[in-house]
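Student: If you want the building blocks of each chain, they are given just below.
There are 2 protein chains.
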Amino acid sequence: MSIDAIVYVVDDDAAMVESLSWIIESVGLKAKIFTQAQDFLDEYKPDQPGCLLLDVRMPGMSGPELQTKLLALSATLPIIFISGHGDVPLAVRVMKAGAIDFLTKPFNDQVLLESINRALRFDKITREKQQENAQAEAKFALLSPREVQVLQGIVSGKQNKVISSELMISLKTVEAHRASVMKKMSVRSVPELVKLVLTNGVQEHATQD
Amino acid sequence: MSIDAIVYVVDDDAAMVESLSWIIESVGLKAKIFTQAQDFLDEYKPDQPGCLLLDVRMPGMSGPELQTKLLALSATLPIIFISGHGDVPLAVRVMKAGAIDFLTKPFNDQVLLESINRALRFDKITREKQQENAQAEAKFALLSPREVQVLQGIVSGKQNKVISSELMISLKTVEAHRASVMKKMSVRSVPELVKLVLTNGVQEHATQD
DNA sequence: TAAAGTGTAGGTGAAAACCCTCAATTTCTA
DNA sequence: TAGAAATTGAGGGTTTTCACCTACACTTTA
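Going down the list, the sequences are from chains C and X.
For the first sequence, the numbering used here assigns the number 237 to the last residue and increments by one with no breaks.
For the second sequence, the numbering used here assigns the number 237 to the last residue and increments by one with no breaks.
The reader is advised that the hints may include incorrect statements.
Intra- or inter-copy, both count: the list cannot distinguish identical chains.
[As the list claims (entries may be wrong)] Under the rule of at most 16 Å between Cα atoms (straight-line distance), these lysine to aspartate or glutamate pairs were calculated in the EDC-like manner:
| hint | residue 1 | residue 2 |
| --- | --- | --- |
| 1 | K124 | E142 |
| 2 | K189 | E71 |
| 3 | K133 | D115 |
| 4 | K200 | E160 |
| 5 | K60 | E71 |
| 6 | K97 | D67 |
| 7 | K124 | E160 |
| 8 | K58 | D32 |
| 9 | K60 | D70 |
| 10 | K60 | D32 |
| 11 | K73 | E53 |
| 12 | K133 | D40 |
| 13 | K60 | D40 |
Keep in mind the hints are simulated off the structure, nothing from the lab.
Note that the structure is predicted; figures quoted are calculated from it, not measured.
Given only the sequences and the hints, what does the whole structure look like? Please build it.
Tutor: Structure below.
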């Protein structure tokens, strides 16, 4: 598990990456350089925190193309585009696709660093949310099919006897499942359970009666 | 209460607004035209659904200035910027500030209408969320201070006896407040209550013991 | 001043949830 | 194939919630 954030720089211009990595490292951040988008794609691990400084125009895979591939991989790494050309439609397109910033050359060092900081903060909270979500999903995966049904009943506020009649099983069995659900989801009260289910995308089908 | 969405057009170019409103009305949407940003600001009601087609450059208040003022009013009306000039930093700035699109002239009618539709869909779901939120807030406002404290206890999964000892009141009083809370919030079960509180921004201070 | 609302607290009893143990059947897996 | 997990069910107990009821002091409002 990596701790430190890495600022990935993907740009085919050797002088540019040199300059960028110098600026980045001057404030104590780690930089990792790629001169081709594909090289980055080959090496990047989705669970590595950081952000991506991405040139728009490059031989081979372009910046926007890389963005598309990362989206397809559902990698949430924040992307800061860097462009020397004033292409408004392109800038708007990549921003709509989720880029966190779009800088035009030449830009101030301070502007760059501010943008990187924003991206890293964004990445951090995104990862924290994903972390929580993954933990909830992991617990949820422990439940047997029957337990999931009972869980849904509980979360939609049904009493055990209602659940038992809907599932055509005995009240005692529902109680058993219910206790098992609380244990596996590691919660001690119904409100905690509801929160866990609601705040993490676990869908609730609200089985109607 | 207004039912139909209105596409507001704010642009100082008479020929442009003429053309825009023609396109908009050709697909059965209502258009409302302003040649000055201030005129729009004077007349717009925040609870009117719709979207805003906004020129960037105008004499008097500019498009981005109007966006800033709307943000300050926490008006969530989606804004589609229209610009004839390729100013990338400006486009990026307004997109980061929440604009839903940024079109550069000349643009295809189809592109415009697609963007308007997206904006209207966005506005619709935003308003639905705000609606739910407002209803929950309204119910929440009915609660007395003591009832709010008890509500927080319930939502954080505390038993009545725990709440009673924390608030230094009798168990019986907590029960009374609890019943009152359920009634005023018009829910029948604790899970429903938790959902209502969680999904609508009602903060829960998790009163620590 | 009277009525309404709030906060307090008690009683009774039913219903529900929670806790434990035990055990039979089936189904999955090492 | 044997053991583990899932599903089912039951007995018997405690604890908690819930639904009624009553009551009184205090504040705000009509």
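Student: Indicate which option fits the pair K133, D40 if close means a Cα-Cα distance not exceeding 16 Å: within, between, both or neither.
Tutor: Within one copy only: 15 Å inside, 32 Å across.
Student: Within a copy, between copies, both or neither: which one fits K60 and E71 at a CA-CA cutoff of 16 Å?
Tutor: within (11 Å within a copy, 52 Å between copies)
Student: Have a look at K73 and E53 and pick one of within, between, both or neither, based on CA distance no larger than 16 Å.
Tutor: Answer is neither: 21 Å inside a copy and 50 Å across each miss the 16 Å cutoff.
Student: Within, between, both or neither: how does the pair K124, E160 come out at a Cα-Cα threshold of 16 Å?
Tutor: neither (26 Å within a copy, 27 Å between copies)
Student: Using 16 Å as the alpha-carbon threshold, which applies to K58 and D32: within, between, both, or neither?
Tutor: For K58 and D32, the Cα distance is within 16 Å only inside one copy (8 Å; across copies 53 Å).
Student: Using 16 Å as the alpha-carbon threshold, which applies to K133 and D115: within, between, both, or neither?
Tutor: both (12 Å within a copy, 13 Å between copies)
Student: At most 16 Å between CA atoms: does that hold for K189 and E71 within a copy, between copies, both, or neither?
Tutor: neither (54 Å within a copy, 56 Å between copies)
Student: Up to 16 Å between alpha-carbons, please classify K200 paired with E160: within, between, both or neither.
Tutor: neither (33 Å within a copy, 37 Å between copies)
Student: When Cα atoms must be at most 16 Å apart, do K60 and D70 count as within-copy, between-copy, both, or neither?
Tutor: For K60 and D70, only the intra-copy Cα distance (13 Å) is at most 16 Å; the inter-copy one is 52 Å.
Student: Classify it for me, K97 with D67: is the Cα-Cα distance of at most 16 Å met within a copy, between copies, both or neither?
Tutor: within (13 Å within a copy, 45 Å between copies)
Student: When Cα atoms must be at most 16 Å apart, do K60 and D32 count as within-copy, between-copy, both, or neither?
Tutor: within (12 Å within a copy, 52 Å between copies)
Student: First find the shortest C-alpha distance between K60 and D40 inside one copy, then the shortest across copies, and answer within, between, both or neither for a cut-off of 16 Å.
Tutor: within (13 Å within a copy, 48 Å between copies)
Checked against the numbered hints given earlier, the structure breaks hints 2, 4, 7, 11 and satisfies all the rest.
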